[in-house]
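J.: Heads up: the sequence shown runs through residues -7 to 108, numbered per this note's numbering.
Calculated from the structure, these hints are not laboratory results.
Do not rely on the hints blindly, as some may be mistaken.
Stated by the list, open to error - Here are the simulated DSS-like cross-link-like pairs (lysine-lysine), alpha carbons at most 25 Å apart as the crow flies:
1) 82 / 66
2) 101 / 66
3) 108 / 66
4) 66 / 45
5) 45 / 82
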Amino acid sequence: MTVRWHITRGVGELTLSRQLPARFDVVASTTLPEGDPLRLAHQIRQDMWRMLKRVRGFSPVVQLTREGDVIRIKAGGRVAAPVAPGLSAKIAALLACPAHRARWVAQAKRSQRRLK
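Please build the complete structure, drawing on both the sequences and the hints.
T.: Here is the structure:
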């Protein structure tokens, strides 16, 4: 089975989602240094999916927006079932994890691509 991800690009923005339209039933946000937006989005999506794959009906969405020299990251997604309490806090904890952040930034710096 081929898994297809929708990549929606705008001026200074990139959204990676499994379904269109991208929808945030649950969300958390952070900022990271500028880097390859697609690598960054996929890395965050993978780690978020690994953490939340047992949440019934969860479909990850990652949105990146350039804000000067940093990228604002909005991570979360669509949930087909009622949203469990604390789900946003779990995503926020993932986005705040120093080990994950270091790996995401290292991967994103491997390419010269940037949000336009």
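J.: Evaluate each hint against the coordinates.
T.: Status of the hints after comparison with the structure:
About 14 Å separates the Cα atoms of residue 82 and residue 66, which keeps this hinted pair within 25 Å; it holds. For the suggested pair residue 101 and residue 66, the alpha carbons sit about 19 Å apart, so the restraint of at most 25 Å is met. About 18 Å separates the Cα atoms of residue 108 and residue 66, which keeps this hinted pair within 25 Å; it holds. Between residue 66 and residue 45, the direct Cα distance comes to roughly 18 Å. Compliance with the 25 Å bound is thereby established for this hinted pair.
With a CA separation close to 13 Å, the supplied pair residue 45 and residue 82 stays within the 25 Å bound.
This entry satisfies every hint, going by the numbered hints stated previously.
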